[in-house]
Amino acid sequence: MVAEVRNFMSVLKVQEVSKFFPGTRALNRVNFELEHEGEIHALVGENGAGKTTLVKIINGALEKNEGTILLRGEPYHASNVQQAQQQGLAFIPQASNLIGCLSVKENLFLGQEHVKGSLIKRIDWKRSGQSAARLLTRVGLGHINIDLRVEDFEVAEQQLIEIAKVLSIHASIITMDEPTSSLTEEETRRLFDIIRFLQRMNVSVIFVSHKLDEVFQISDKITVLRNGECVGTRNTSETNREEIVRMMTGKEEAEKYTRKKRLHGSVIMKVSNLKTRGIVHEVSFELAAGETLAIAGLLGSGQTKLLETLCGYYSPISGSIEIGGREIRIHSPKDALRHGIGYIPEDRHIKGLMLNQSVQDNISAASLRDDRQFGFLSIAMQLERVQKLIEQLGIICAGTHQLVENLSGGNQQKVLLARYLKVKPRILLLNEPTRGIDVGAKTEIYNLISSFKVQGGAVLMVSSELPEILGISDRIMVMHEGRVTGFFSTGEATKEKLMHAMTV
Amino acid sequence: MNKRLLVPIFGLVAVLIAIAVISPYSLMPVSFLNATKNASYLGVVAIGQTIVMLTGGIDMSLYETIALTNIFSANFMQDNPFSILSVTLLAILLAGCIGFVNGTMIAKTGIPAIIMTIAMGFAVRGSYLVLTKGAPRGYIPEVVRFIGRGKLFDLVPVALLVWLALSFGVILFLNRTAAGKSVYFTGSNPTAARLSGINNDWTIILVYVTSSVFAAISGLLISGYLGMGTLDAGVEYMLSPIAASVIGGTTFAGGIGGIGGTIIGTLIMRYVDNLMTLVNARHAGKLIVQGVIIGGIATMHSTQKWSLK
Amino acid sequence: MKMTQPHISFGICDCVSIALLNMFTTIQFHFRHNKPIFIIYGILVLFIVGSMAIFPVFRSATNLSFLMNQAVVLGIVSLGQTIPILMSGLDMSVGSVMSLSTTIAAVLMGGPGWTWPLVLILILATGTAVGLINGLGVAKLNMVPIIVTLSTMIIVSGLAMFILPQPGGYIPENIYKYFLFEVGAFQGPVFYYIVIICILYFFLHHTVRGRHIYATGGDKERASLTGVRVDHAIITGYALSGLLSSAAGIFLALRISSGAPTVGNPFLLDSITAVLLGGTTFVGGRGGIIGTVGGTLVLTVLANVLVMAEVHTYWQYIVRAGVLFVAVVAYTMKRRFA
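Residue numbers (the numbering used here), protein chains in the order written: chain A, 1499 to 2002; chain B, 2 to 310; chain C, 158 to 495.
Be aware that one or more of the hints could be misleading.
[As the list claims (entries may be wrong)] Cross-link-like lysine-lysine pairs, in silico, BS3-like; alpha carbons within 27 Å at most:
1) A:K1624 x C:K192
2) B:K4 x C:K297
3) C:K192 x A:K1849
[Stated by the list, open to error] Computed, partial: chain A to chain C, Cβ under 7 Å:
4) Q1580
5) Q1584
6) L1600
7) D1622
8) R1625
Everything labelled a hint here was simulated from the structure, so no lab data went into it. Beta carbons: idealized from backbone N, C-alpha and C, even for Gly.
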């Protein structure tokens, strides 16, 4: 008689929670509620909206500054993740919840180990082994040696182990932070099956994601955060994509992909039979001025190695690279920059940005010698050029001296872009340029890429989002297992044709 | 001015106040200048250590390089200009080679800096012990003694001038040249630096050569001060350059810190040591106070970090 | 092998070969995972065999037992140093804690009011306290391990000097009978060393806290989010290092029958060398105390051999430099090309 019991207790009720960091207010009086057991509740928002902050507070990894949280009607507090776990809340962090140098068996139960013995508590390896075997069989990995280290396994198997770990968690509320960011479609399907299984077991799931397609597939409710505030909550069945995007950005989902008319320029770069470190071999293609050539392919097909060779990070083993008709040797990023090639890597935090340096230093890092006067760096000259770029790209920062680590994801990516635009390159190599960036900033970056092309530059872009590839590229090159399996012009390409070429 | 310097400046002010309270006479110009001169020897080495720490590394061979320079110059310097000049250059060259080996190994083989420089320290120590058979000999010529402990116009200590000049030069280098900025970038994120066209290997080699050369310069000043060759010239300089840099705000993270802070850190350590001597503290007491100061200021830097964001 | 039909008889040869096969795959598995251990023990065996061939003196049982005895002090402090290094840190205070331990022992044991068991407990408590301070600094104040342990090292050095400014003091006779007994070929201290190794191994590999130390070293951020109490692991790790340093100090005091405020200093660098030789590196999460024991033994044998070859003490610096250098280059090169 659900209708009668109107004032039931919510499973989890977050009321007026705020969180301050020095200088910013990450969450401002946010309300969030899991109403029934077994609810699958998506939490969406742009980067920097506060989603991860909120779920970290719920799971004990951060302390809130204001507000209350009720767990089934009782006040709830956790000052660390372990306390949260003891009260039935578990957290699956973004990008892998496994520790590479520990064994599969240990990883599956890390934080929730089986122990035996009363006086001296020691780990019950036998029971762990049995439980592990059971869990792994569920994901199709029943045959593996669980004493091997996680890092000894292939990426695909590691992802399945991650999913198995999800199953191992004894919790009534599981929070998953961007769980599908590194999963294939097949594995995402498997994960969703497991989430639905959890639902049947009355386990609630808080699903943080920026992939709206998936959110609409799996969730019962959607809560939207924007700039640290809760914009609203909707039942998934009663809303649509446009409304959610509007709530996330405050504007219509405008034409994201602006592809200006392609200029037919002459061939700038010609790569022939390139063989590089790793699996890349026999790669040949041409790149013309004013065009965007997108590289599509499954994870591990060699796209990154290709770009890293073209930008000079690795030396090619054989094959040739021609720029403007002349064959050139690229043995270091310095060579590449000299020839007008700039590379923006896919993990901007790990490979691209110098987080504890200022905006000004990050932007001018690749062009230090350009801002010289009388042999020494002229700070005034550098500042002027940097400020011009900040304005041009719309970078929001509290001054050029602000440390880059304090900027939002989108702005950080723009800083990286600014660094390479400052050297006035002819060719931009982009690796997942909009990964982890909110919808609004994505559009800005697409526009920047377009204007770069209009001025005669050429773009070689690796992306794993097919809509993005189809949206902004002029031509598509598909790679699989280190070689090129097909070229398509965007007009004739379809998702199916591309998928086929990526798996052939 | 960098916010990072707030904590060390606060520390320095606190120390000066303590001196003013306990022993006001030491604040009189002559003795104060003298105390500051004594900081110069540490100051010069500390510059080198700071630069190395900016790349995320550490140099534990500096104190042995000081000892080596002392023994070398005492042994070979004769009292004529040619000898002094050539031995000086050779000593610096020798230090440069030590730094070159350190830097090359660290950059090319990925060996942790602490291990490489400890091993090099051992090697240098073993070398001069074997060569001198444990009994260094020789004296330092007058000219060098003057540079080490003398004063210009009877007022301004030469060593202090050397320290200030070198500091100024390095600050200029780090902030106004591409190579200097590269030091910060390599320390902050080597991969990002590489992708920006910076040659990390050369940057690393440069900083280790610099630190060893500066240790040699300090060794020459110290030799001038001591007047002779001895086995213990470098003994107090094993950890104090690190302490001075840390107090000044340079951390092991790489990319954070600078010479300005190190200068203040050096002064703090020297003045505190003086103060301890004045109150007749035993060596034990000095050590305890030194440790507390380093720990305390490092803690302040750590907790201040959050407010800078 | 799956048996689908019942096999009538299993000859003894089959049993033996199956057993050998199992043993082989197990060894192969361990080899793949623990290469450094095989390497260091391989080197150790080579050293010992080589020394036996070159120096007849080496072959005597007395020398071997002397060797084992020599290894104990360095061995125990290196066990302690292994744990912070496993967590990508370092404990610079180990040497000073050892010195402090010898000074406390030398001053209090001979005097009135303290019986030697109480003094031992005091020493161990002091070492643990220093370790706790280190751990708190790293875990709670977020400071870099080198700096925290550097500070405590200097302070503890000062304390040691305060308690006993010059080498001296007195270790009473009656304590020795608990340490100089012989169990078969092994002398007392070796026996304690082995016991400590076993306890520590059990702790690191079969308790939750021990596995959490490995997890923290492997990936601190991720471990924390998975529910591991990283701060507890760090504090425990440094506390253990302090505890073991003070224990090593006790054995050192017994060996020199006195106390001295700077006697522990050389052990800092030597302990780091032993740990690194044993395959535990600053990367974190990999390696362990078995390797460290191997590293300790190699260093001890080396020192022994140098004395036998009548190499002047001055050369030992160069040799230590060489050993340290070669070992670490070998490990880092291997990782680069793996």
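We went through each hint and held it up to the structure:
For the suggested pair K1624 of chain A and K192 of chain C, the alpha carbons sit about 26 Å apart, so the restraint of at most 27 Å is met. Restraint check: the Cα-Cα separation between K4 of chain B and K297 of chain C comes to about 23 Å, which is no more than 27 Å; the hinted pair holds. A threshold of 27 Å between alpha carbons decides the hint, and for K192 of chain C with K1849 of chain A the separation of about 30 Å lies outside it, so the pair is violated. A least Cβ separation of about 5 Å between Q1580 of chain A and chain C falls short of the 7 Å threshold, and the interface hint therefore holds.
With a least beta-carbon distance of about 9 Å to chain C, the hint placing Q1584 of chain A at the interface is violated under the 7 Å criterion. The beta carbon of L1600 of chain A comes within 6 Å of a beta carbon in chain C, closer than 7 Å, and the hint placing it at the interface holds. Evaluation of the D1622 of chain A hint against chain C yields a violated restraint, the C-beta minimum of about 10 Å exceeding 7 Å. A least Cβ separation of about 13 Å between R1625 of chain A and chain C goes past the 7 Å threshold, and the interface hint is therefore violated.
Going down the numbered hints, you'll see the structure goes against 3, 5, 7 and 8, while the others check out.
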